[in-house]
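Chains as they are written, first to last, in the numbering used here: chain H, 5 to 516; chain V, 221 to 646; chain X, 4 to 172.
One or more of the hints may lead you astray.
Cut-off 20 Å, straight-line C-alpha distance, at most; resulting in silico cross-link-like pairs (DMTMM-like, lysine to aspartate or glutamate) [unchecked claim]:
no. : chain 1 : residue 1 : chain 2 : residue 2
1   : V       : K471      : X       : E157
2   : H       : K170      : X       : D68
3   : V       : K411      : H       : E60
4   : H       : K64       : V       : D545
5   : V       : K404      : H       : E178
6   : H       : K61       : H       : E15
7   : V       : K627      : V       : D596
8   : V       : K226      : V       : E243
9   : V       : K593      : V       : E631
10  : X       : K37       : H       : D167
11  : V       : K226      : X       : E157
12  : H       : K170      : H       : E352
13  : H       : K64       : V       : D600
14  : V       : K627      : V       : E516
15  : V       : K373      : V       : E345
16  : H       : K87       : H       : D118
17  : V       : K501      : V       : D445
18  : V       : K404      : X       : D68
19  : V       : K404      : H       : E171
Label-pair restraints from in silico Cβ distances [claimed, not checked]:
no. : chain 1 : residue 1 : chain 2 : residue 2 : range
20  : V       : E516      : X       : E108      : 27 to 35 Å
21  : V       : P288      : H       : V78       : 24 to 32 Å
22  : H       : L36       : X       : E11       : 23 to 31 Å
23  : V       : D485      : X       : A32       : 44 to 52 Å
24  : V       : R629      : H       : P132      : 21 to 29 Å
25  : X       : A32       : H       : A256      : 44 to 52 Å
Simulated from the structure, these hints should not be mistaken for lab results.
The beta carbon of each residue, even a glycine, is placed where N, CA and C say it ideally should be.
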Amino acid sequence: MADLVNLTIDEVQVSVPKGTLVIEAAKQAGVLVPHYCYHPGLPVAGVCRMCLVEIEKTPKLQIACATQVAEGMVVKTRSGQAKSGRTGVLELLLINHPLDCPICDQAGECELQDFTFQEGRPSTRYSPTYPKRFNPVEDFGPDVLYVPNRCILCTRCVRFMEDVAKEPVLNVSERGDRAFIGVHPDAQLDHPWSGNVVDLCPVGSLLSKDFLHKARAWELDKTASVCTGCSQGCNVTLDLRDDTVVRIRPRANVEVNRYFICDHGRGHYRWMNRGDRVEAPLVKDGTDLRAVDWDEALDRVRTILQGAGGSAVALVSPKASTEGLYYARKLLARFNWTGAFQVVMGEEAPLSGVPNLALRAERAPNGKGAELLGYSRDYAAALKAAEQAAVVLVIDDPETAVKTSGQVIYLGTAAPASLNASIILPMASMVEEDGTYVNRDGRVQRYFQARGTPAMARPAWWVLGQLTDAAPESASAAFDVMAGDVDAFRGMSYATLGLTGQRTGAGAGVPA
Amino acid sequence: MGYPQKPHPKETVVLSEYFGDPEARTYRGWVKRGGYEALKKALGMDPNAVTEEVKNSGLRGRGGAGFPTGLKWTFMPKEKKGPHYLCVNADESEPGTFKDREIMRWTPHALLEGTAIAAHAIRAEVAYIYIRGEFTEPWTVMTQALAEANAAKVFGNITIHLHRGAGAYICGEETALMNSIEGKRGNPRIKPPFPAVAGVFGKPTTINNVETLAAVPHIIKRGADWYKSLCLSSPKSTGTKLFSVCGHIQKPGNVEVTLGFPLKDVIYEMCGGMRPGRTLKACIPGGSSVPILTREETEKCLLDYEGVAAAGSLLGSGGVIVFDDSADMVYQIMRLARFYAHESCAQCTQCREGTAWTTKIMERILAGKGQMKDLDLLLDLSENMTGKTICVLSDSCATPVISGITKFRSEFEDYITGKKRPVMVA
Amino acid sequence: MSAAHAPEAEPYQPVFVGKTMDRLNEIIARYPAKQGALLPALWLVQEARGWISDDAMAEVATVLDTTAAHVKGVVTFYTMYHQHPVGKNFVQVCTTSCCNICGAEDVVKALLQETGAKELGATSPDGKWTVIEVECLGACGFPTPILVNDDFIENVTPEKVHELVRKYR
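Excised from the complex, chain H in its bound form (with noise of 0.2 Å):
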């Protein structure tokens, strides 16, 4: 237990551990102290000056970002002297910053915005005959544009590259108001983890050209979400405007990927907006299939599977949630089962600066939940034994083809290429249902449903937990009958797990 050290911020009284920064005790105080180049996963630089608070027995304003707390400190945000001082910083920040904000995809999402609303002054004393610097916009590389004229020099940027990525390619040009963010021709800012920038700048500098123009902050319905990219499972949030997915941000959890995803998770999104769905259950009749009813399609399953006797397969996608695979097991378990899932892999890319965090080989989030719950890797094996098996479940992947001379059950997102299946269900995509992945590190975490299910999808946990005894009604009631049933889960329940996730074998309830 760190030594604790007391003070007080705007009459609220906190106890915090030796060393933290006023900047981050204030936030124990509920209070926000307006900061830019402040971030809690960059070293500090103390620049921007905006965080000056008025600290008693002390003649000058001080940063929140860099001084530490000292015991019975009494610390004012908002005195009239500290917050003129940001008044007169906010001034000179938009003195040569542009009124783009019409144009600009920061706007709504705008810490210069929304400062400038709280603190700021209401009109300019800059002449209007002066011009604003110029600078023309900048290409800095794959998917980082950079427009020097709203850039406030935060040289958070900088400092990420540097410190976190440990490729300085970023540096800060030239010199007092003439200075700009620069990079040097021969070296572009393609970095894996280099979109990160775009989401530390906190102005409209820096820009994804993925997600340029798309869409306005203000239209974006925001969800917590887990990355499908690979399997480190960053932690994210899926912007979407009218249940199109437009964008991937990552979301601040310690544990795993602090406060960045890399370029490729950043990407990863455009699946989601697939429109070749399954639309409604299918059943063989004959050479053709035809849509019907869920009653009806779960009905011949039930027939299928109890006609069938000896061995069963499943094949699954690893980027099926834990519940899902959890209820085809169960589903399958009077058979002689064998579950296995192939995943693709990729090349490593780690983000040097942060421990244990890198763009995985396995480029699949759940490879580590199929895992525990005891799918093999074996997928040619797999294969084999479907040829012989009496039903082969394939879940949420089109592209696999299974020789058998048994029965195909499939159900997934996309409709499969090359199946010869007797019956094709509609499954929930994970943007469009609660579930849980485990990540490589054996990490259980939530992500939540962004948008309704299209047409007759439903999610896997559903539609395979109908099949059994007792049929689950929530996600939540899901992954409780699996944490009384799998070692691995238990104590664990999403009220447990929360936005973090727990690491497995954690104990009852105990986060990891």
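Add chains V and X to chain H, keeping to what the hints say.
Structure of chains V and X alone, referenced to chain H:
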């Protein structure tokens, strides 16, 4: 007074004794003049004893801050856990100041000797002398002197390196100087950590000015009591200082006086006073970053840290800039604002944007397009730029603006009302 | 000390070979970290080429184990490093207040006229002169001081400009 003049009888000649004497630049010439005896003595003393002596002398930093030197040396770690460094600030760029250049180009060994003694006192093995890039002659002289001294092996275990700057006033700020030595942009650092804890290359470091270190051999040789006795007014200001007198003056140059000496006598007696037909209008006594004094204030001012503060300014670097009645205060303050705008490192918002905005407003006033409210704007802007940044360059830009508007308001108003014709095009 | 002020050769010829590399190695040894030799290395480049190109910056970065972006950030910070070729005689004139009130701006005008450079920062048609205004040169008692390449010349007045320019031409 210093080269190229002969010393004035009222000067206290200590540091400037050999200004203009080419032989003093050589190792042998310096030894002939009693050089390197103090170093020999110091190297035989306990480092703490050297520090104690300097502390007792009352020597204060001559770069501008006036911090007690001996006290600064005690901030180094008592227990030596790794390398210690000494950095010598020869980045002299404060407008009005030209004393360190003279020390280096006429008495390079004085600086080398002082550097070595200081390095010994703070237990530093390596000292870097950071010389501004424009000082090509001091660079050549110091290089030659260092080579000769090294050949004579006078420094013991201490190694002295010269490091050349490349054009940045801000590198005279001690933490920016360290960053520059490390091969980075000359950005000042936030403190803590303080240089004595984590300085250049992350190691405990002390930074001292050239003039400060040039005084150290004298203190070691002749004793702290001798140095302390050189005091004309406040007991907290001891020793001699080189005052660089320039501007509207008959005989510009460096004068060396005991602290507490009247500024009036420096201007009128030693430096020949005003040009024919001219009267003193204003004076900046300590380099452009300190408040401007009116004629009355100047003529009453005593030149020591407390005396100049009492007169309403600061001793600073001792760069005495003299303005006579022909000077356009508004134009010169604009020019100073432009200086600070050029030199801002760009880290802090107030400085980066504020110095440039100040310059623009001043230019607009000089172009005849100013309004009365611009003076309030300048004062408010200057207040925003004071006391809120990593280093004091921002404050330094605000200072001449505030003191200028306060004490020479009529000159500003003359441009605004049109009584004075515009001298610029906005 | 400054040499040819021409655009870089194609393909780029490294600066740090032979004796120059020896000199740099000697300098690197003075600092506990290689990067400490960055400012000295850049001076060596400017000594050899007269200016510092993007290619030269990349070379320095490689030699000192840092990135080209870092080197560029440093080069653009310090005003004495040239980022493009300049005239054979690079003239820096102090015009800060102390020299300003002693006629520095008249010295600038005279120099621009006499050298044929006409405008600040521009190179004269014969390629021999570039004149710029700089901030305080630390010789306020000897107004107006100027630097012609590495020659520090004190007490320049408009009257002396003609002879000075003739001497350097």
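Going down the list of hints, with the structure as the test:
1. K471/V x E157/X: 15 Å, holds
2. K170/H x D68/X: Holds, at roughly 13 Å.
3. K411/V x E60/H: Measuring from Cα to Cα gives roughly 19 Å; hence the hint holds.
4. K64/H x D545/V: 37 Å, violated
5. K404/V x E178/H: 13 Å, holds
6. K61/H x E15/H: Holds, because 16 Å separates the two Cα atoms, which is no more than 20 Å.
7. K627/V x D596/V: 14 Å, holds
8. K226/V x E243/V: Holds, at about 17 Å.
9. K593/V x E631/V: 15 Å, holds
10. K37/X x D167/H: 18 Å, holds
11. K226/V x E157/X: 19 Å, holds
12. K170/H x E352/H: With a Cα-Cα distance of about 16 Å, the restraint between K170/H and E352/H holds, given a limit of 20 Å.
13. K64/H x D600/V: 17 Å, holds
14. K627/V x E516/V: Holds, at roughly 11 Å.
15. K373/V x E345/V: Holds, at roughly 14 Å.
16. K87/H x D118/H: 15 Å, holds
17. K501/V x D445/V: The given pair, whose Cα atoms are some 39 Å apart, is violated under the 20 Å limit.
18. K404/V x D68/X: Measuring from Cα to Cα gives roughly 13 Å; hence the hint holds.
19. K404/V x E171/H: OK: K404/V and E171/H at ~16 Å, within 20 Å.
20. E516/V x E108/X: 27 to 35 Å: 30 Å, holds
21. P288/V x V78/H: 24 to 32 Å: At 31 Å between Cβs, range holds.
22. L36/H x E11/X: 23 to 31 Å: 51 Å, violated
23. D485/V x A32/X: 44 to 52 Å: 51 Å, holds
24. R629/V x P132/H: 21 to 29 Å: 26 Å, holds
25. A32/X x A256/H: 44 to 52 Å: For A256/H against A32/X, whose Cβ atoms are near 45 Å apart, the range 44 to 52 Å holds.
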